[in-house]
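Colleague: Sequences listed follow chains A and B, in order. With numbering that gives the first Met the number 0, you'll find the first sequence wraps up at 321, consecutive numbering, no jumps. With numbering that gives the first Met the number 0, you'll find the second sequence wraps up at 175, consecutive numbering, no jumps.
Keep in mind the hints are simulated off the structure, nothing from the lab. Keep in mind that a hint or two might mislead.
Covered stretches of chain A, as calculated for chain B (at least 3 residues, CB under 8 Å) [to be verified]:
#, region
1, 224–230
2, 235–241
3, 250–258
4, 268–277
5, 291–297
Some residues of chain A that are not near chain B, with every Cβ distance over 12 Å (derived) [stated by the list, open to error]:
#, residue
6, Ala221
7, Asp245
8, Trp246
9, Glu305
10, Asp306
11, Gly308
12, Arg310
13, Arg311
14, Gly313
15, Asp314
16, Arg315
17, Pro319
18, Lys320
From the three backbone atoms N, C-alpha and C, an ideal C-beta is built for every residue, glycine too.
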Amino acid sequence: MVPGVLPPLAKPSVVRTVESDEEDDGGDDKSGVERFLGGAVDLSKDVVSAGADGAKWTGGQISQVPGGFKEGVEGLAEGGATVYRLSSINRRINPDSHKREQEKLRQAAQYAWDDPVGFGKAAVNYEDLADGRYGEWLGGLGPDALAAAATAGTGVAVTRGTRAVDTLADASDAARDADRASDAAGAGGGSGAADAARELDRTRGSTRAPAKSPEELPPLRADERWDPSQGTPVLGREPDTKVAGDWPGHTILALDDWNPRKNGEWIQSIVDQRGEVYIGSPTKGNLWNPKRGESTVFARELKQLEDAGYRRVGDRMVPPKR
Amino acid sequence: MTAAALPEGAEELLRKLEEPSDGYLSWPLPHERDEDCVRLIDSFLDSGTSERRAMLEALSLDQAQTLGVFAERMASHAVHSDSTEPLVRGLVAVGMAAAEDYSKELIPLLALFWRSAEHLTIDPDALFATVSELLGDEAPGWLLSFPEREPANRTPEVMMYEETLDSSELLYRRAW
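The following block holds chain A by itself, in its conformation from the complex (with noise of 0.2 Å):
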């Protein structure tokens, strides 16, 4: 093999099977991303001498050669990464950021053929390999691996990764999950969309990625707790209480700077000065969103209530006798 040229159809294959997939999404048995990963172990195996038993590859260190070229630079090693990205789904969903995966996987690739020995070297890391410490060197394949291809001639210095790696299992699930969702017909229209996520990608780096926010929840001002003047207040969805904002003498929380804990504050307002209160949606359908799996607001709302002894009469919750 000639160093500097992409080989043929032979192993190494990564840029023919990746660039296959844009033509072919299930012409054999494997998945595009299966066949593509196949690609990326064939590849690492041509290149790497010795202490690299195929066999011992998991889905981690797979999804983690291509998917790690930025992580690995960043120090953001994610398992699965690559999958994710180059998926057939993603593809249709988001074929920008499928695109770009790609081609950072011809760049990878085109690195690795042209720098064998310093690509495999980075891939083997035969210190942890010869002490034992296979977890660690699982860890760190894809990263360095990753960022081999990545410092070439950049000189950018890069930290192995240290996060614990997927199965085998894990991976060829999400590939299997990804391409079984690519049988869905394809996503139409969105130029909207599309339009103006390009316009947006023009603002790229003008924020800086967020640092640890700060803690402190404001709280809920003096007037912005519930006051019997302001009428019964009135708890429920917008569709449904919409009407009894309206109706004279009845109240809906409606702060600009709304948050969970001002809403708690503002209800315990209500049981402090033991107010009664319209419940504007019926119970049934609206305490359980089975989509997340959990209670929803309103139903946290109720419970605040009747953790301080309110009980339901009619529309009303009402405040326990003193």
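For this one, chain A is given, so just place chain B on it according to the hints.
Modeller: Just chain B, lined up with the frame of chain A:
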């Protein structure tokens, strides 16, 4: 009649969203159901004012909850895929869901989009302005005014979400 004004194919798309999806929030990312939501949202965005209104009027609480969960998933998906499109569609989904779901379920999601925009280093203000424009008359007031909040009052933490950066699944989880 409302149904007559629905854009072509919207009825089928809405019906798709009614298919069982218990626990959708924790389904693998991305998922086929996400595509169903994407199609519905794109259909909404491609429609005129009266058709949009008809779609929102036809929306059930069940479908609105699906859109809300889709939105929450997209806040993470955008970061995983390093892409802005899921943020745009997800935030549009929040606006659509507001037609039927409790705003107190949806307002907390806005903070996730703000944070994810920061992760992508795009301008969160511009994201909200863009989506407000896309939603037009259907944009809820609490979405329009979200960028005007104090910075401390638009974080996932203030909305009682925990952020986990070491996951390939959901980045944000409710902690209440």
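Colleague: Quick check: do three or more residues in the region 291–297 of chain A have a beta carbon closer than 8 Å to a beta carbon of chain B?
Modeller: holds (count 6)
Colleague: Evaluate the condition: distance from the CB of Pro319/A to the nearest CB of chain B exceeds 12 Å.
Modeller: 25 Å, holds
Colleague: So is Asp245/A really clear of chain B, every C-beta pair being over 12 Å apart?
Modeller: 16 Å, holds
Colleague: Would Ala221/A pass as off the interface with chain B, using Cβ distances and a cut of 12 Å?
Modeller: Answer for Ala221/A: holds, closest chain B Cβ roughly 17 Å.
Colleague: Checking a non-interface call: every C-beta of chain B should be farther than 12 Å from the C-beta of Lys320/A. Is that right?
Modeller: 29 Å, holds
Colleague: For Gly313/A, which was marked as not at the interface, is the minimum beta-carbon distance to chain B over 12 Å?
Modeller: 21 Å, holds
Colleague: In terms of Cβ atoms, is chain B entirely out of 12 Å range of Arg315/A?
Modeller: 19 Å, holds
Colleague: Going by Cβ atoms, does Glu305/A stay more than 12 Å from chain B at every point?
Modeller: 17 Å, holds
Colleague: Please check whether the beta-carbon of Asp306/A is more than 12 Å away from every beta-carbon in chain B.
Modeller: 14 Å, holds
Colleague: How does the region 250–258 of chain A fare against chain B when you require at least three residues with a CB closer than 8 Å, holds or violated?
Modeller: With 4 residues in contact (Cβ-Cβ under 8 Å with chain B), the coverage given for the region 250–258 of chain A holds.
Colleague: Non-interface claim for Trp246/A: all C-beta distances to chain B beyond 12 Å?
Modeller: 19 Å, holds
Colleague: Arg310/A clear of chain B by more than 12 Å, beta carbon to beta carbon?
Modeller: 22 Å, holds
Of the numbered hints listed earlier, those contradicted by the structure are 1 and 4.
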